[in-house]
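Enquirer: Sequence:
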Amino acid sequence: MSLLTYGVGESKRWYYPISAFLISALRIAPWALFYPHVQTAFNLDTTASIILISTFTGLGSMIIGPPISGAILDKYGPKIPFVLSGIFALSGYLILMVVLGKETWAEAQTLWYVGGFLIGLGAGFYSGSYTATVAKWFPDRLGTAMAVGGSGMSIGTMILTPLIASFIVQYGFTGNIFLILGVVGFCAITLLGVIAWRLPAADWKPQGMVVKARAAGQPVQEQKQYTFAEAIRDKRYWILAGGFLGAAFSNMLFSQNATLIIIEGLTSVGMDRAEIMATVVPYYLSLTSFAGIFGTFFWGWVLDKLGPFVALPLMYFISGVLIWVFYMGYTSVTLIYILGAILVLAMRGEGTLHYASVPAVFGRQHIGKIMSTLNSMSVGIGIAFGPFLGSYIKDITGGFKASLILAVSLRMMGTAFAIIGYFLTKKEKEQAKSEAAA
Numbered sequence: 048m049s050l051l052t053y054g055v056g057e058s059k060r061w062y063y064p065i066s067a068f069l070i071s072a073l074r075i076a077p078w079a080l081f082y083p084h085v086q087t088a089f090n091l092d093t094t095a096s097i098i099l100i101s102t103f104t105g106l107g108s109m110i111i112g113p114p115i116s117g118a119i120l121d122k123y124g125p126k127i128p129f130v131l132s133g134i135f136a137l138s139g140y141l142i143l144m145v146v147l148g149k150e151t152w153a154e155a156q157t158l159w160y161v162g163g164f165l166i167g168l169g170a171g172f173y174s175g176s177y178t179a180t181v182a183k184w185f186p187d188r189l190g191t192a193m194a195v196g197g198s199g200m201s202i203g204t205m206i207l208t209p210l211i212a213s214f215i216v217q218y219g220f221t222g223n224i225f226l227i228l229g230v231v232g233f234c235a236i237t238l239l240g241v242i243a244w245r246l247p248a249a250d251w252k253p254q255g256m257v258v259k260a261r262a263a264g265q266p267v268q269e270q271k272q273y274t275f276a277e278a279i280r281d282k283r284y285w286i287l288a289g290g291f292l293g294a295a296f297s298n299m300l301f302s303q304n305a306t307l308i309i310i311e312g313l314t315s316v317g318m319d320r321a322e323i324m325a326t327v328v329p330y331y332l333s334l335t336s337f338a339g340i341f342g343t344f345f346w347g348w349v350l351d352k353l354g355p356f357v358a359l360p361l362m363y364f365i366s367g368v369l370i371w372v373f374y375m376g377y378t379s380v381t382l383i384y385i386l387g388a389i390l391v392l393a394m395r396g397e398g399t400l401h402y403a404s405v406p407a408v409f410g411r412q413h414i415g416k417i418m419s420t421l422n423s424m425s426v427g428i429g430i431a432f433g434p435f436l437g438s439y440i441k442d443i444t445g446g447f448k449a450s451l452i453l454a455v456s457l458r459m460m461g462t463a464f465a466i467i468g469y470f471l472t473k474k475e476k477e478q479a480k481s482e483a484a485a
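In my numbering, the protein residues as written are 48 to 485.
What the hints contain is simulated information worked out from the structure, not anything from laboratory work.
For every residue, glycine included, the Cβ atom is placed at its ideal position computed from N, Cα and C.
It is possible that part of the hints are untrue.
Pairs of lysine-lysine, BS3-like flavour, derived with a Cα cap of 25 Å [unchecked claim]:
| hint | residue 1 | residue 2 |
| --- | --- | --- |
| 1 | Lys448 | Lys271 |
| 2 | Lys149 | Lys473 |
| 3 | Lys271 | Lys122 |
Taking CB as the label site, the calculated pair distances span [to be verified]:
| hint | residue 1 | residue 2 | range |
| --- | --- | --- | --- |
| 4 | Ser456 | Gly219 | 50 to 56 Å |
| 5 | Tyr123 | Leu382 | 46 to 52 Å |
| 6 | Glu150 | Ile65 | 41 to 47 Å |
| 7 | Tyr123 | Trp285 | 27 to 33 Å |
| 8 | Asn223 | Lys271 | 49 to 55 Å |
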């Protein structure tokens, strides 16, 4: 047994989503909390140049990192991508430490973007590996397993955001914050991920599936295992890509600008900006993170019960409506908390559904390359450019109304794509039954 194939086996396969939960919780980067402080530190009038870091983190986390890690994963397993993930992310945080030591934004700006890109690249190598590994270990419980792993980000945000906000209030916005985040994240992925993670054998199937098949006197049935070439020729690949793209842009237009949207709403009714940053924003992020945990598990359960092309349109449509409802109430602290929690509960399952839908449609055998490529060309573009687009629209229009209208419209577009996918899948199943009967 080589080091690359050493790790936890079937009897303890729940280690994979549970440890992914812990790693994700310990590797969060609450960018929305940092943006106002960076703006204050460098006395900037606009925010677009600050939030542009999200484009660089998105390039690393969703466009460049996942396809590379997915290709490595299918051939060598998750250990190599995990090692690279830890190194890239730690390097990025160390660069961000230097940013806050610069006198002017002109000196700091390039380092801000480089650090963000490396952190994103580390996140991309991790997400492109852990999701595909979990999918390979859980063909029978895709939605639930993905929900366990994905909910770690919500827990991490809920617990760490108030601690970071308190640290900033007590000690100031210094580079030590980035040092702590970098070291903690590096230790988490090394100790919990690199040592114990591996892939199952190519022909492995969960014992539960084998027992059920034997009891029924039938061979173990799994869906068709698509190759990458077969997947990209399937219409549903491009339907998923279109829906993911619209949803990701919409998500980023709202979520990555949520702090600034809240500040816009509450300052318009006379609330002090410093008070909002010190109290409302941290509590909002913690509350919505808590709500997001339930959303992650709920949508994972819906996918396991109803399938991807029922879960996706439901989630897209409900969350799209709620984005606009949130905007209508964003001048009230109470409504921000209540509506924000409901909205995030509806929207936070997006990552779970996106990652679980791909193997649910195309199988798990070649999922590293299929999933990472599909997500990079759809979700990746939305994550990379959505936050900057929202902030840019705000800077030229003077408010977030136009960007939120766009966010709602893109959710409705994703709903339409997913409904088309539902009818295509239904038609394909009917054709398969007809051919089998003949």
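Enquirer: Now look at each hint and say whether the structure bears it out.
Expert: These are the hints, each one checked on the structure:
A distance of roughly 45 Å separates the Cα atoms of Lys448 and Lys271; the hinted pair therefore is violated under the 25 Å criterion. At roughly 58 Å between alpha-carbon atoms, Lys149 and Lys473 are farther apart than 25 Å, so this suggested pair is violated. A distance of roughly 20 Å separates the Cα atoms of Lys271 and Lys122; the hinted pair therefore holds under the 25 Å criterion. For the pair Ser456 and Gly219, the supplied restraint of 50 to 56 Å is violated, since their beta-carbon distance comes to about 41 Å.
Taking the beta carbon of each, Tyr123 and Leu382 are about 50 Å apart, inside 46 to 52 Å as hinted. For Glu150 and Ile65, the hinted distance range of 41 to 47 Å is satisfied, since their beta carbons lie about 45 Å from each other. Here the CB-CB span from Tyr123 to Trp285 is close to 29 Å, well matched to the stated 27 to 33 Å. Look at Asn223 against Lys271: about 52 Å separates their beta carbons, and that is inside 49 to 55 Å.
Violated hints, in rising order: 1, 2, 4; the structure is consistent with all others.
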